[in-house]
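S.K.: Sequence:
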Amino acid sequence: MLKVRRSRLYTLWFGWYSRRQFRRYFNSVRVFMEAGVREMDLRTPVIFYANHAYWWDGFWSPLCTEEFFRQRLHIIIEFQQLQKHRFFTRIGAFSLDRSRPRSWPVTIRYAAELLTDDNDRQNALWIFPQGKIEHVDKRPLVFFKGTASIVSRVLEKVPGVYVVSIVSRIEYLDEQKPELFLSFRQPFLVSRSEYAGADKLTAYMQRMTESHLDELSEKIRNRKLDDAVTLVQGNLSVNRKSEAFRRFMHLDKVQKVTE
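Be aware that the sequence shown starts at 0, since it is given in numbering that gives the first Met the number 0, and climbs by one per residue.
Treat each hint with caution, since some may be false.
Said to hold, decoys possible - Ranges between beta-carbon positions, derived for each pair:
(1) Asn221 <-> Thr115: 40 to 50 Å
(2) Val141 <-> Lys83: 39 to 49 Å
(3) Gln20 <-> Asp225: 38 to 48 Å
(4) Leu172 <-> Gln20: 36 to 46 Å
(5) Pro104 <-> Tyr24: 11 to 21 Å
(6) Trp12 <-> Ser216: 33 to 43 Å
(7) Pro104 <-> Leu172: 20 to 30 Å
(8) Arg99 <-> Asp225: 43 to 53 Å
Claimed, not checked - Computed cross-link-like contacts, DSS-like style, restricted to lysine-lysine with a CA-CA straight-line distance of at most 25 Å:
(9) Lys144 <-> Lys199
(10) Lys218 <-> Lys199
(11) Lys223 <-> Lys176
No lab work stands behind these hints, which were simulated from the structure alone. Please read all numbers here as calculations on a predicted model, not as lab measurements. Backbone N, C-alpha and C define an ideal beta-carbon position, used for all residues, glycine too.
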């Protein structure tokens with residue numbers, strides 16, 4: 000298993016690099032966030048679980064952490080992928096090898112240790128329970144039980160853990176470049192005394208993610224975007240550059256005169 004080898008310098012570099020890439024390839028990255036997400040008790044660990052539909056997944060978690068939270072970031076990445084891109088261990092990533100089931104308990108224990116470690120920031124884990132990239136509109140969603148197993152292990156050490164649904168969707172609206180939308184739902188506190196087991200928690204997270212994705216899709220379709228916060232504003236796209244050039248050359252006025 001590849002473990003976290005955190006580096007402040009790498010974290011700063013990756014934040015700069017991610018923003019640069021998002022500005023280049025997206026018109027904007029916009030975030031919807033329900034009440035309570037930024038008001039969590041920092042002494043209680045949190046697991047952010049997200050749908051997995053795009054290559055970009057994972058790139059935006061450090062940006063959200065930097066912009067919105069006071070947290071110690073951790074991310075689970077498939078072993079083969081993390082082996083190719085080991086620098087991710089420098090920003091809080093560690094591996095899960097699905098081809099070796101005997102290694103899973105070790106990873107679950109390690110994740111629980113990270114989430115219950117004593118430090119001055121909220122311990123956070125970002126995870127994609129589908130385990131692979133699937134189409135954003137695929138239904139039903141099927142989650143592995145690893146996330147709930149981590150919750151079970153964490154509750155052996157602390158009285159509660161937050162689980163927060165995050166969904167992402169990429170859409171083309173009025174620009175040449177696409178928009179990336181992220182949405183955070185209100186935190187759900189799983190307490191030791193009320194925990195119903197891994198199967199029920201996994202089913203709950205699947206249902207929550209499906210309804211959350213449908214809700215975000217409807218917002219975008221109906222252009223109800225006023226509540227979104229712009230995390231990254233992209234560079235000018237081709238159509239915006241063309242419009243700016245026409246204004247600079249007064250071409251629109253020329254066209255009106257000739258008409």
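S.K.: Please go over all the hints and tell whether each is borne out by the structure.
M.R.: How the hints compare with the structure:
no., hint, verdict
1, Asn221 <-> Thr115: 40 to 50 Å, "holds, 42 Å"
2, Val141 <-> Lys83: 39 to 49 Å, "violated, 25 Å"
3, Gln20 <-> Asp225: 38 to 48 Å, "violated, 27 Å"
4, Leu172 <-> Gln20: 36 to 46 Å, "violated, 20 Å"
5, Pro104 <-> Tyr24: 11 to 21 Å, "violated, 39 Å"
6, Trp12 <-> Ser216: 33 to 43 Å, "holds, 34 Å"
7, Pro104 <-> Leu172: 20 to 30 Å, "violated, 45 Å"
8, Arg99 <-> Asp225: 43 to 53 Å, "holds, 48 Å"
9, Lys144 <-> Lys199, "holds, 10 Å"
10, Lys218 <-> Lys199, "violated, 29 Å"
11, Lys223 <-> Lys176, "holds, 19 Å"
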